[in-house]
Each structure stands twice: as structure tokens, then as C-alpha cells.
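Residue numbers (the working numbering), protein chains in the order written: chain A, 1 to 311; chain B, 1 to 301.
Hints were generated in silico from the structure; no laboratory data involved.
Some hints here could point you the wrong way.
To spell it out: a stretch of chain A is covered by chain B in this simulated footprint if at least three of its residues, at any positions, have a beta carbon under 8 Å from a beta carbon of chain B; those stretches are [as the list claims (entries may be wrong)]:
id : region
1  : 16-23
2  : 62-75
3  : 260-266
4  : 274-284
A quick note: this is a predicted structure, and the numbers were derived from the prediction, not measured.
We put the CB at the ideal spot given by N, CA and C, even for glycine.
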Amino acid sequence: MNRSTARQKHWKHNRIIMKRHWQMYVMMFLPIAFLIVFNYMPMSGLVIAFKNYSFSKGIWGSKWVGLRHFDKLISSYMFPRLLSNTFLLSLFTIAVCFPIPIVFAVLLNECRHPRFKKLVQMISYAPHFITTVVIVSILNQLFNYYHGIVNVMIQNLGMHAVDFMGEADAFRPMYVFSGLWQNMGYNSIIYIAALASVDPQLEEAATIDGANRLQKIWHIDLPTIMPTIIIMLILRMGSILDVGYEKVYLMQNDINIVFSEVISTYVYKMGLLNTQYSFAAAVGIFNSVVNLVMVLLVNWICRRLGDTSLW
Amino acid sequence: MKKHTFDRQTKGDRIFFALDYAVLVFVVLVVVYPLIYVLSCSFSDPLAVMESKVVLWPVNISLQSYKQVFEYTPIWIGFRNSIAYTVIGTALNLVLTMLLAFPLSARELPGKKIVLGLLTFTMLFNAGTIPNYIWMRNLGLIDNFWVLILPCGLTAYNVFVTRTYMQNTLTEELREAAEIDGCSDFRFFLQIALPLSGAIVAVMMLFYGTVHWGEYFNALIYIRSKELYPLQIFLRNILIANNIEGDLLGSLDPEEAALREALQETLKYGIIVVSSLPMMLLYPFVQKFFVKGVMIGAVKG
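If we strip away everything but chain A, and leave its shape as in the complex, we get (with noise of 0.2 Å):
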């Protein structure tokens, strides 16, 4: 009794609001019907990953076949070669581009010149203004085999010029060290604000103590933006399998292949190139699926082991 009383005034004033600010809800309508219309209704062709697609039949009346498409990604020879590629690219970029930023953040935060550490943010943060194509065309020419200045200094020390675009084992750091380049400055950012927040009493404290430079960091400035790292790792390890396949795309050639067919072209290739929309389509729910139980996976290992987590 007492409860749907509470439940009834509850939706009373429920009522109140909305009557009062229901233009709030005027305002929502147009964004939310573009969510609806842009990131919802596509989700209805998710379907066509249990049937056979063709244009000609549309989503409703192609024949649906369960599985298969799932059986034949797990069975084909290119799934082992197409997971490992992608996990390790990711793997590798996370262990090269998650940790220096948080290094690069405390080093400047180190800084004692105002100037000269506005300097050193302004430069590093340039390259993420360059759009990925630049990108993958200045490595293109600064790596050049013949002419690029790279193996022009190499050849100058005396060693052999080296195929860094063309050579498949090159492609790995090639790929991971470019994007260190480009994205280290711009994702030290949010370590720099979270440092910012280091209680200078504790510091000072801590200098009484007799503690040094590296003491502090390890014992003051580390623990202070933990959160913010291990917040950083969980969204980053969520997208485990997307790598960046715009870049990878662009950097990919007959040789590199074996190393840098990675899902995500995997699927552009199958789908668009080849038209087998709902093979391409199931290889694309399958790497959906393996990136939110990461998140979910991940989080919950954060929430068992600290105290920090998404939700």
C-alpha cells in the first residue's frame, strides 16, 4: 500500500516536470531521432549475418542459414591469421603508446620553465592535426627505399638501405611508432590535467622526508592520476580490435599483407570489394562482440582489484 502510494507521487511529479519543461523535450527530439535514425535502424541489417544477402532480395526475403557465415570465418585459414594480426598490432600499440604518454606527462610536469614547457606542449601536439593520409605519405617519403632521407642517413653510416614501407616485418613498428609520433603529445593531455591536481603540501611534506625527485613521483605523483590511467586503460582496451584500419588500409601492400590484414579491412575487402555482405557482415559482429566483452572483461577487473572503474 505504502509503496504504490510512493510510486503514484513519484509519477505525479514525474507529471509536473515534464509538463513544465516539456519544450527540454522538444529540444531532444531532432538529436535523438538522428541517434535513432544513424546509429539505431542500421543495427536491423546486423541480421543479414544469419542469412544470405543480396540486394536484389533485400534484408526480409533473403534465406536464412543460421550460422554458417560464423562456421565458415572460424574454419577459414585466414581467421587465425586475421585474429593474430589484430590482437598484436593492438597489443603492440597499447604497450608502446599507452605508457609514454604517461612518462612524456611526468617529464613535463617536471618542467620548472613556463616557456620552454609551453614550447615542448605546442610542438607535440601538432601531429595530431595532420589527417591519416599525410601521415601515411610523409612516412612514405621520408622512408623511402631509394631517395627517402632515412635510408639515405643509413646508407651514409655505411649500412644497407632498408625497405621499411615494403618489408612485412617493418610494418608492426613502422605502423606503432608513426601513431607514437603523432598521438603522444595529444594523449599526454589528460595526464598533464590530472597532475596539475597533485596536492603541492604533499610534495612538500615529502621533501622535509628527505625524498627525491624520482621518490616523489613514484610515491606522490603516480598514485594521484591512477585513476585517470587505469580509467584510459579500460576504454583502450575495449577497442582491442579496433585498430586504427584507416591507417592500416593506407599502409598495406602486397608484401605487408601478412602481417597487416587486420579484421576491420578484412571486412571492408569482403563486404565492399567482393559483395559477400553477409560473410563480411558476420566477421563484423564478431569483432563487436569480442570488443564489448573486453570492455566488460576488463572493468570488472579494475572493479575487483581497485576501486576505480567505469561503472
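Chain A is fixed; fit chain B onto it per the hints.
The following block gives chain B in isolation, referenced to the frame of chain A:
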């Protein structure tokens, strides 16, 4: 009292600072060198570039490559299109983002949780390339100008950042005072919320604008006709696929093959510089805004 105690340095600290500054200087050099190199090549004599004489500064300064860039019309079609995509796309993004972030920043609004849930889910799960393609095809948007604008109408992350900003600037007292004075939500939004949101609008312009400007994969998927190609597609064709169209180099004496090849290379440097120029010129002025934007996003975390 003025001098902080921690300014007293031990020997270990001094070594630490020396190393710290050395690393920072190294970072600056590594970041800057490729940029200067590209710039220098674009201003150098094509043959000098081919013979790898350019190491840091331009050699035999020449505007050859820029002359070529200006004569190469596809680039300008691309520029025109990309500017249109960026301006119109960003304008739509701003309208949608503000319209959604403002109601969501209200302390109490029935149904708010549902909308937040809808937004969050888009960050975790995406329909994927193929279902999106089929949907756009059903909507008749393939090879249509609007296919690069409408589907990227708003990004959940940006809505959250804007909402956080509005929660902080539009205080509860301000909202209550306006409500007591009989100010409607529309009026509050237009006359109070928007004028107070200058900083976040700048941040959002930058966040959305850079995405539109760099757009290339969606164009590759959805756009077929050359007249609609954004700049990045042209750049990819020239810079990466090496497809230089037309008789750009045809007017040259066919015997000068080496010069031809050299011109092709410097044209690339010129194009890299010209196409990156708008962002690079804009960037120093907007830097403080995007730092602010990233920080608001972090606080939300």
C-alpha cells in the same frame, strides 16, 4: 616563504633535471624534424630533392612544386568539397550536440536516464561497416553529398563533454532564478545557456571539424563520383596510390625523364604542405580550447 622548500636541489635531483630536459629536447627534435624536412623539400629544387641533397634546409630554393600544385585542379575540387563537408557538417554537429547536451544537463528530467543509456550504448557497440552500408543504400544516400554529413550527426563522447561543461557553468541557482522569473526553457537555452557556452562551442568545433577534415574511409565506401570526393581521397590517390591524373607533366620535354620523376616527388611535398596548411595555421590559436576540451572530458571520466 617565497622560495619553496622543494626548490633546494640535491645532486641526484640535478642529474634528474638534466636528463628530464634532455628527453624533452629530444622529443621536440623528433617531432619537428619530419615537418621541417617536408617543408624544406617542398621549397627546394626538384632535382636536388631527388638527389637527396636536402637534409634540413631547402636547397636551391624553388617554387616549382607549388606552381604545380596550383595548376593541379583535382586538389582544388577536393579543397572546395572538404571545406563544404567540414563547414556544413560541423554546423549540424554543433546544433545537434547543443540541443541534446542542454536538456541532459538538467538536474531533474524524467526520461534522462533512457537517453543517456541510448548514447552510452553507441560508444560500446556499432552496427559495423556492412549494415551501415546497407542502411545508407536503403536511404538512397550512396554517392550523395549528405552521406558524409548526416550519419556523423553527433558523437556520444562529445555530447557528454558538453553536458559536463553545462552542468558546471549553468548552476542550479541560475536555473532556478530564471524559472522563477518565468523564463521558458527555449529562452534560457538561447539567451543564457548559449552565450555562456562560447568555450565549449569552440572545443566542439575543433573536435568535430578535425574529424570532417580528415574524413577518408567513409568517402571511400560511400562516394563514387569525383565531383564529390573530399580532399583526402584525392590526396590518397596522388600521394599513396601514385595516380597523378592528366597531362600535368605532359607539357615537359619527354627527354627530361629524370626531371619528370623529380617533379612528381616534389609535387607530393607541395601537396602535403598545402593540404595541411589550414589546420596547422589554425592550430596555435585553438590549442588552448582543445586542451580545455580534453580536460573537461577527463573530469567526467
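Item to check | Indices of hints not satisfied (ascending) | outcome: Going through the list in order, the structure violates hints 2 and 3 and respects the others.
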